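Quick note: the sequence shown, position 49, residue 49 per our numbering, numbers continuous.
A portion of the hints provided could be inaccurate.
DSS-like, lysine-lysine: derived pairs with alpha carbons at most 27 Å apart [said to hold, decoys possible]:
| no. | residue 1 | residue 2 |
| --- | --- | --- |
| 1 | 433 | 515 |
| 2 | 226 | 200 |
| 3 | 504 | 515 |
| 4 | 403 | 288 |
| 5 | 288 | 490 |
| 6 | 400 | 348 |
Listed next, with one range per pair, are the computed distances between beta-carbon atoms [to be verified]:
| no. | residue 1 | residue 2 | range |
| --- | --- | --- | --- |
| 7 | 476 | 53 | 39 to 45 Å |
| 8 | 367 | 53 | 36 to 42 Å |
| 9 | 248 | 396 | 29 to 35 Å |
| 10 | 56 | 373 | 53 to 59 Å |
| 11 | 373 | 243 | 22 to 28 Å |
| 12 | 194 | 249 | 17 to 23 Å |
| 13 | 378 | 90 | 39 to 45 Å |
| 14 | 367 | 236 | 42 to 48 Å |
| 15 | 510 | 287 | 25 to 31 Å |
| 16 | 396 | 30 | 46 to 52 Å |
| 17 | 429 | 527 | 38 to 44 Å |
| 18 | 9 | 249 | 27 to 33 Å |
Since the hints were made in silico from the structure, they are not lab data. The structure displayed is predicted, hence computed values, not measured ones. Glycine residues also receive a C-beta, built at the ideal position from the N, C-alpha and C atoms.
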Amino acid sequence: MTAASKETLGFKTEVKQLLHLMIHSLYSNKEIFLRELVSNASDACDKLRFEALKNDALYEGNGDLAVHIDFDAEARTVTIEDNGIGMNRDDVVNHLGTIAKSGTAEFLSQLSGDQAKDSQLIGQFGVGFYSAFIVADKVTVETRRAGDAADSATRWESAGEGDFTLESIDKAERGTRITLHLKDGEEEFADNFRLRSLIKKYSDHIAVPVYLPQEVDAEDDDGDKKKVPEAVNEAKALWTCAKSELSDDDYKEFYKHVSHDWNEPLTWMHNRVEGKLDYTSLLYIPSKAPFDMWNREATRGLKLYVQRVFIMDDAEQFLPMYLRFVKGVLDSNDLSLNVSREILQQDKQVDSMRSALIKRVLDTLTKMAKNEPEQYQNFWNEFGEVVKEGPAEDFANKEKIAKLFRFATTQSDGETQSVALEDYLARMREGQKKIYYITGDNHAAASSSPHLEYFKNKGIEVLLLTDRVDEWMVSHLNEFDGKVFQDVTKGELDLDELADETEKSQQKELEESHKDLVERLQKVLEGQVKEVRVTSRLTDSPACLVVGQYDMGGHMRRLMEAAGQQMPEAEVSLEVNPGHPLIARLDQEQDEDRFSELAQVIHAQAQLAEGSQLKQPAEYVAKLNKLLLELMK
Numbered sequence: 001m002t003a004a005s006k007e008t009l010g011f012k013t014e015v016k017q018l019l020h021l022m023i024h025s026l027y028s029n030k031e032i033f034l035r036e037l038v039s040n041a042s043d044a045c046d047k048l049r050f051e052a053l054k055n056d057a058l059y060e061g062n063g064d065l066a067v068h069i070d071f072d073a074e075a076r077t078v079t080i081e082d083n084g085i086g087m088n089r090d091d092v093v094n095h096l097g098t099i100a101k102s103g104t105a106e107f108l109s110q111l112s113g114d115q116a117k118d119s120q121l122i123g124q125f126g127v128g129f130y131s132a133f134i135v136a137d138k139v140t141v142e143t144r145r146a147g148d149a150a151d152s153a154t155r156w157e158s159a160g161e162g163d164f165t166l167e168s169i170d171k172a173e174r175g176t177r178i179t180l181h182l183k184d185g186e187e188e189f190a191d192n193f194r195l196r197s198l199i200k201k202y203s204d205h206i207a208v209p210v211y212l213p214q215e216v217d218a219e220d221d222d223g224d225k226k227k228v229p230e231a232v233n234e235a236k237a238l239w240t241c242a243k244s245e246l247s248d249d250d251y252k253e254f255y256k257h258v259s260h261d262w263n264e265p266l267t268w269m270h271n272r273v274e275g276k277l278d279y280t281s282l283l284y285i286p287s288k289a290p291f292d293m294w295n296r297e298a299t300r301g302l303k304l305y306v307q308r309v310f311i312m313d314d315a316e317q318f319l320p321m322y323l324r325f326v327k328g329v330l331d332s333n334d335l336s337l338n339v340s341r342e343i344l345q346q347d348k349q350v351d352s353m354r355s356a357l358i359k360r361v362l363d364t365l366t367k368m369a370k371n372e373p374e375q376y377q378n379f380w381n382e383f384g385e386v387v388k389e390g391p392a393e394d395f396a397n398k399e400k401i402a403k404l405f406r407f408a409t410t411q412s413d414g415e416t417q418s419v420a421l422e423d424y425l426a427r428m429r430e431g432q433k434k435i436y437y438i439t440g441d442n443h444a445a446a447s448s449s450p451h452l453e454y455f456k457n458k459g460i461e462v463l464l465l466t467d468r469v470d471e472w473m474v475s476h477l478n479e480f481d482g483k484v485f486q487d488v489t490k491g492e493l494d495l496d497e498l499a500d501e502t503e504k505s506q507q508k509e510l511e512e513s514h515k516d517l518v519e520r521l522q523k524v525l526e527g528q529v530k531e532v533r534v535t536s537r538l539t540d541s542p543a544c545l546v547v548g549q550y551d552m553g554g555h556m557r558r559l560m561e562a563a564g565q566q567m568p569e570a571e572v573s574l575e576v577n578p579g580h581p582l583i584a585r586l587d588q589e590q591d592e593d594r595f596s597e598l599a600q601v602i603h604a605q606a607q608l609a610e611g612s613q614l615k616q617p618a619e620y621v622a623k624l625n626k627l628l629l630e631l632m633k
């Protein structure tokens with residue numbers, strides 16, 4: 001094959017950015033390149049084992065899967081070679097010429113310029129191969145897909161400067177060989193002891209053997225010390241080991257392999273189940289949320305093995321969407337080796353394992369919340385918003401999920417969501433029958449809402465819900481421990497359980513004595529509000545807007561509109577506080593034009609107080625300016 005037959009192609013824009021980061025920015029944790037490349041090689045062996053279930057010829061007479069690492073100190077090279085599934089030319093272009101994963105833009109947006117933080121992103125987003133350029137100024141990949149002809153192999157080569165070359169080569173063995181041409185100053189990695197220590201540190205749990213050349217007391221034909229391959233790692237699937245055989249470090253390193261997350265896990269669950277079902281699970285709860293957690297289309301799920309044979313990377317059928325952050329491995333003896341995603345969706349054994357795994361995760365979180373509240377608070381800060389999807393997706397565990405919820409309240413410390421629903425119930429006033437809450441765009445807006453005035457005055461705790469899923473969550477949760485949820489901004493305030501007889505009597509008197517005011521306001525604001533009524537829910541504000549008991553709240557409406565949803569006009573009522581000086585002054589106004597202007601200003605202020613946008617802000621400003629000028633005369 002002549003040099004003229006080489007083809008030069010350019011990297012996609014996002015890969016150019018990534019390579020620049022690798023080459024010029026990431027110097028902390030340089031050694032992760034070996035972990036990522038060995039992990040990829042191990043995955044390639046797993047995938048060959050799976051495909052060979054249907055086509056044994058893919059083994060090409062050699063079923064001993066392994067990863068071989070070699071080095072040449074004089075040439076400054078390190079080589080990682082596997083005899084796994086390999087790649088054809090199209091695979092090479094798709095996998096090495098672009099980041100073949102959704103969310104590339106989100107990944108790049110996470111890069112902060114902080115070397116330590118940025119290096120932790122490598123691998124987590126499917127870009128582990130490119131970590132080779134942290135230590136290499138040129139990378140050569142020679143690969144042939146299992147089952148293809150020897151002369152159909154491909155060589156990929158790049159210096160990481162914006163393009164790469166492709167050429168066809170002969171390669172007798174299937175699989176992939178990656179040669180790193182080390183940069184000046186990175187010679188430490190072309191060393192047996194250094195590589196051996198890294199393999200033991202990061203890849204001891206890899207289920208295929210990882211070999212390094214080892215000198216023996218014999219000479220080769222050139223008179224040099226003879227070298228033979230020696231397996232460095234245990235080459236035993238970690239999840240098959242007894243818990244007593246494993247240290248915390250073993251679990252933590254395996255987590256990094258299975259999740260491609262450089263951070264340590266928050267906790268893990270390792271269980272062996274025997275009986276009607278026979279399976280082993282090793283589940284991890286991360287300490288940090290992944291960048292694509294809110295992309296419900298992103299790949300998720302557990303690594304699935306059947307009888308120690310790798311089946312798929314992202315078996316999503318075993319955990320619900322609200323637990324999509326859980327990582328780990330599931331190894332079953334009950335499923336067929338020919339299992340597919342379609343079969344998994346219809347298998348009753350999958351349903352049983354799914355129920356058991358959900359219970360295990362929820363029980364672990366419940367125990368953490370009780371025994372390690374600080375650690376649980378860290379979990380909630382990262383994943384609480386996702387867990388809130390639970391009541392809508394998992395009716396059977398609705399109550400158990402709700403016990404995990406944490407909220408900010410009118411009696412909690414700042415914005416921290418730390419109050420459990422059980423804590424709220426324990427602090428409820430005698431005779432209180434509902435769990436009161438308010439939704440808002442942020443904590444400041446929710447905590448300062450006029451709708452809270454009555455409740456603060458009465459010392460009644462109100463949940464402050466500011467996450468975008470909150471209103472949707474409450475609509476599916478409905479109640480907790482027999483107490484229904486009540487949005488304080490919806491419907492008429494029910495005084496039966498909150499007020500004493502004197503207050504109820506005073507409310508009726510106010511309604512009677514201000515009928516004329518209500519009628520005048522109703523006439524002025526016709527078409528803008530559904531009705532006007534006197535309220536006792538306000539103590540410091542002149543007025544507020546209230547939606548119907550079963551209508552969508554203002555917070556949810558704004559979220560829907562921001563997402564591009566066309567929303568029908570909301571039917572709102574204006575509630576006025578007759579004890580406020582502005583309302584008292586308005587009630588005395590005899591000039592109907594001036595009354596109208598004041599009423600419009602008060603209505604606009606109520607809209608602003610609840611976070612809504614005014615349809616005609618300039619008109620509001622003009623009216624307000626006119627009133628200010630009159631006061632200054």
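Tested hints:
1. About 31 Å separates the Cα atoms of residue 433 and residue 515, which puts this hinted pair outside 27 Å; it is violated.
2. Restraint check for residue 226 and residue 200: the C-alpha separation of about 23 Å stays at or below 27 Å, so the hint holds.
3. A hinted pair counts as satisfied when its Cα atoms are at most 27 Å apart, and residue 504 with residue 515 qualifies at roughly 17 Å.
4. Between residue 403 and residue 288 the CA atoms are separated by roughly 22 Å; this keeps the pair inside 27 Å, and the hint holds.
5. With a C-alpha separation of about 36 Å, the suggested pair residue 288 and residue 490 falls outside the 27 Å cut-off, and the hint is violated.
6. Of the supplied pair hints, the one linking residue 400 and residue 348 holds, its CA atoms being roughly 24 Å apart against a limit of 27 Å.
7. Taking the beta carbon of each, residue 476 and residue 53 are about 41 Å apart, inside 39 to 45 Å as hinted.
8. Look at residue 367 against residue 53: about 39 Å separates their beta carbons, and that is inside 36 to 42 Å.
9. At about 33 Å, the beta-carbon gap between residue 248 and residue 396 stays in the expected band of 29 to 35 Å.
10. Taking 53 to 59 Å as the suggested C-beta distance range, the pair residue 56 and residue 373 conforms, at roughly 54 Å.
11. For the hinted restraint 22 to 28 Å between residue 373 and residue 243, the CB-CB distance of approximately 25 Å keeps it satisfied.
12. Separated by about 19 Å at the C-beta atoms, residue 194 and residue 249 satisfy the suggested range of 17 to 23 Å.
13. Separated by about 44 Å at the C-beta atoms, residue 378 and residue 90 satisfy the suggested range of 39 to 45 Å.
14. Taken as a hint, the range 42 to 48 Å is violated for the pair residue 367 and residue 236, whose Cβ atoms sit roughly 29 Å apart.
15. At about 55 Å, the CB distance of residue 510 to residue 287 disagrees with the hint of 25 to 31 Å.
16. Taking the beta carbon of each, residue 396 and residue 30 are about 48 Å apart, inside 46 to 52 Å as hinted.
17. One distance hint, 38 to 44 Å for the beta-carbon pair residue 429 and residue 527, holds here, with the actual separation near 39 Å.
18. Our hint of 27 to 33 Å for residue 9 and residue 249 is violated, since their Cβ atoms are close to 42 Å apart.
Checked against the numbered hints listed earlier, the structure breaks hints 1, 5, 14, 15, 18; every other hint is satisfied.
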